[in-house]
Amino acid sequence: MSKRTPSLREWERLYAAALQFKEIESWKWMTDSDLFGVQDPLTAEIGYCCVLGNLGEVFGLAVYLGTEGLKGYLDIQMAETRPSPEEVLNRQRCLMASFEDRRFLEQRDIQIIKKLGLRFRGHNQWPLFRSYCPGYHPWYLTAKEAGFLALALQQAIEVCLQFKQDPDMLISPKPHCLWVKVPYKQGRELKWKGQWLKPKPMKIKLDVVDEIRLEKVRKKQLSRGGIWEVGLIPSPMGVKDSPRSRPYYPHIWLWVDHHSYLVLNSYMAEPSSFPVGFLDQFLKAVETVGLIPEEVWVRREEVFMQLELLAERLNFKLNLVDTLEALEDVRTSMFDYFQGSETSL
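For the sequence shown, position 243 matches number 246 in this note's numbering, and the numbering has no gaps at all.
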């Protein structure tokens with residue numbers, strides 16, 4: 004995706020759309036569970052939109068990008084307990100337009116507002132636009148993101164006003180479908196129509212196993228035993244590859260013995276690099292310990308899918324579970340260590 008920053012004209016369009024959206028105050032009659040979609044005319048990707056503000060905390064519009072974004076939204080909505088800020092940061096793939104206090108804006112945001120000749124004053128009055136990506140710090144919009152967010156805000160105004168008159172309009176007559184505003188061309192003009200569409204299946208990229216290494220492990224005829232928990236912990240410390248690059252929170256992947264809580268293997272990677280190298284790290288754990296587990300427990304479906312091939316070839320049982328107690332204990336110890344380090348500085 005192009006990293007070009009928005010031009011002043013593109014910013015002007017986005018701010019205008021945001022202020023028009025704010026003016027209708029749709030959070031007075033909509034909640035964040037009233038979900039609808041807007042399709043990007045350039046990429047055909049659907050942004051799943053929800054209005055924020057009904058609880059009086061955050062006001063704005065969140066646009067969850069594609070099936071991955073939708074899954075992150077649903078995971079948060081259906082969680083039995085309120086997710087921690089770290090969990091939310093590691094799940095969300097969305098664009099956000101919100102209305103904040105001035106203190107939440109960066110100097111870069113203030114400069115754009117000044118260039119546009121706009122003035123704001125008061126609580127929850129300042130427009131703020133951010134891109135959210137799992138494992139990455141909330142960041143400034145690219146030109147393409149700003150363009151799509153402006154379109155989503157414009158279409159959201161129409162949907163929200165229709166919803167005010169007909170609160171049942173987003174109840175699907177078909178299973179698993181959502182109301183989506185779809186663009187089409189009429190001559191040179193871009194028009195929009197509403198359709199019930201089923202989200203596309205989520206694409207999962209599978210890691211490639213090193214067949215030679217795997218065969219060597221199999222020929223060793225290693226002993227079997229124990230239960231391993233496999234999962235990731237987002238690092239609490241952010242990393243920047245260059246002064247102007249987007250900070251990210253490295254994924255710390257862990258292999259932990261379920262009974263002893265002993266860490267069998269670990270490695271750190273940029274969030275977007277998964278799953279490359281993941282299966283090699285699993286084989287490394289087997290080689291280091293000199294043991295093939297009887298069972299492997301994972302919490303995430305995408306991790307389960309990565310390990311299905313190895314489970315079949317190495318003949319261990321693979322389980323998708325709700326909690327990973329040993330891994331959670333390691334996570335708590337790690338976060339306590341980081342907090343202690345910060346306190347001592």
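Where hints are given, some of them may not hold.
Straight-line C-alpha distance at most 20 Å; calculated SDA-like pairs for lysine to any residue [what the hints assert, rightly or not]:
(1) Lys-320 <-> Leu-286
(2) Lys-117 <-> Ala-146
(3) Lys-206 <-> Lys-117
(4) Lys-74 <-> Val-306
(5) Lys-320 <-> Gly-229
Keep in mind the hints are simulated off the structure, nothing from the lab.
Comparing the hints with the structure gives:
1. Among the hinted pairs, Lys-320 with Leu-286 is consistent with the structure: their alpha-carbon atoms are about 16 Å apart, no more than 20 Å.
2. A distance of roughly 19 Å separates the Cα atoms of Lys-117 and Ala-146; the hinted pair therefore holds under the 20 Å criterion.
3. The hinted pair formed by Lys-206 and Lys-117 fails the criterion: a straight-line CA distance of about 42 Å is larger than 20 Å.
4. In summary, the hint linking Lys-74 to Val-306 is supported, as the alpha carbons are separated by about 15 Å, within the 20 Å threshold.
5. Proximity of Lys-320 to Gly-229 is assessed by CA-CA distance (about 11 Å); at most 20 Å being required, the pair is judged to hold.
Going through the hint list in order, the structure does not satisfy hint 3, though it satisfies all others.
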